[in-house]
Amino acid sequence: MALLDVRDLSVSIGALQPLDRIAFSLDKGSILGLVGESGSGKSLTAMALMGLLPLIGGRVSGGSVRFDGTELVGLAEERYRALRGHRIALITQNPMTSLDSMLRVGEQIDQVGLLHLGLSAAQARARSIELLTQLRIPDAATVHQQYPHQMSGGMKQRVVIAMALAGDPELIVADEPTTALDVTIQAQIIQILVDLVRQRGLALVLITHDMGVVAQACDQVVVLYAGRVCEGSSVEAIFARPAHPYTQALIACIPRAGQARGSLQGIAGMVPSVSNYASGCRYHPRCALAQAVCQTDVPPLRTVAEHHRVACHFAMQDAASHG
Amino acid sequence: MAEPARATGNLVQTRGLTRVFKSRASLFGSKRELAAVSDVDLDVPRGRVTGVVGESGCGKSTLARLVLRLLDASSGSVHFDGIDLATVSAPALRKLRRRMQMVFQDPYSSIDPRYSVRAALLEPMQVQGVALDAAGQDARVTSLMAMVGLNPALAASYPHQISGGQKQRVGIARALAMQPEFLVLDEPTASLDVSIQAQIVALLEKLQQDLGLTYLFISHDLGLVRYFCNRIVVMYLGRVVEILPEPQAAPRHPYTRALMDSTFEPDPKRRRVVTLLHGEIPDAFNLPPGCAYAARCPQASARCRTERPALLQDHGHSLACHHPLT
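Sequence order for the protein chains is A and B. Our numbering puts the first residue of the first sequence at 68, with every later residue one more than the last. Our numbering puts the first residue of the second sequence at 245, with every later residue one more than the last.
Just so you know, these hints were derived from the structure itself, not from any lab. From the three backbone atoms N, C-alpha and C, an ideal C-beta is built for every residue, glycine too. Watch out, some of these pointers could steer you wrong.
To be verified - Just the calculated beta-carbon pair ranges, DEER-fashion: (1) B:A390 to A:G329: 19 to 25 Å; (2) B:L455 to A:D75: 28 to 34 Å; (3) A:A359 to B:G456: 40 to 46 Å; (4) B:N530 to A:L142: 48 to 54 Å; (5) B:G260 to A:L122: 51 to 57 Å; (6) A:A359 to B:G373: 51 to 57 Å; (7) B:Y359 to A:S340: 19 to 25 Å; (8) A:S219 to B:Y402: 47 to 53 Å; (9) A:A324 to B:G456: 56 to 62 Å; (10) A:S340 to B:G373: 38 to 44 Å.
Said to hold, decoys possible - Cβ-to-Cβ under 7 Å is the rule here; a few derived chain A residues that face chain B: (11) D75; (12) S77; (13) E104; (14) L181; (15) G185; (16) A207; (17) V280; (18) P322.
Throw the hints in and build the complete structure from the sequences for me.
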């Protein structure tokens, strides 16, 4: 059984439905990349998994999220609170979303151990320092006593990861954890996350807009566009045989090493906002393959190869012919 | 003085360019100095794209501003088409600005948000004292918008009514309004979605070809710089550490190597082996005496910590390292 099983998850905010029947599942010890551009619903998916939609006036309007067999949709807030930060942890893009600027970072990590694992103050402190050391923070005991403003962005993000690990989670949801960081620091943080998943058997939902990060770190990929899944598969298949025109175009937007100048392809048009999603397939206004049917009918998510699902009226033959 | 820049085919040339920022003394400490750009010799060949790449704090944006004299240098020189920018008068500089323009990461940071697209595009003409009648203004706005692929119907729109990609097209059109020869592009796509970034890069490539422009392209994204630029200048903490004479040249500085190894390719068959580093980036206010990268460099020796390597050129490939990679 999958550790996390998301089925037909829809989210509403007022009259709008920014997430429409999202589906994926994730096993222990593996990394799922949730990829898309702005407004695709990546962060909203993270909020839904964490049970944090009420904070932004949203609610799950359909579908199911099962974590280790427990249905999270409709779970009482007190039970959710016992899971959050303990068995399910969140890492956000901006470390200061998670850190309190008035408290020493060590105290903040300690609190997770005190609250969720019932450790004594001394045990919690020792555990925090050990976690910081595992994350390759030099002189962890000193860092434990520092305030966030005394640290670089990369260091703060490692503290946030330590905080996420402090509750001994089984699932981590990381929402653009390296987007605000310099590339050399990003590479380090991604490597740390990959190592943690492999060593501890964690499951990681890695939310990113960066196909390079996906290729580097993920086992499986779900591509979102305008609040819907357009394609999902293994990371190998999505790059070797992308079946959805959007996935193909998204990969072609990133220059590869040695690519000839003048050959970079953008995607015409713009990323839609939730208030003006197109009818039918939401990608059709930007799609080179679009036909009349794409304007009227929502393409269902169909299986085109083992573990490879695509929502496109015209992509199937292509993917199937590639095997 | 002769005109060194013209003679060598460089539109822009800097020598020993340095900019020091001073922080005022405060309750918590004495006056401190930060050299955001140190001793930079930069050649920008005419009609080519020169890339400057580096991470935050490397001085790339300060360099961009120094090159256009939007900031004054503490020492060193900038020559534009043979003219020493430090010696020109304010009116002459204003006139020279027609020939050199900047495209910002957030174009509307430099445009009044109450300006429509049309007003934003006409402002450079007003600043430069170019008088146009109503028909001339309409024609100018229409042709600029066409040049950057904007629907002319958007002329009456305000910034909050258009997308990020459209705003950047306005920023580019505005920079082109006075028909410049030289554009400094400071992270022009950094805040855009990738599908839009690729559109803007394609537009910039086309404009450079069609108009024979010279670009200085500032970016943190080595993958993009390698695709877009003819030459690549790599900066670390205010100094040039390496200049790759062509974009696919193998890096010889360990920092450039680390940047390259940190740039993930969109291909799972080409995953990188990321070596976890212990070193931290040094405090820019308090740089060590030797090579600024020594604290993080796997190659570093005792010499690197005491003696700063000079930038030396070998077959057009410049390098500042005591222990270059082979």
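Which hints, by number, does the structure contradict? 2, 8, 9, 11, 12, 14, 15 and 16
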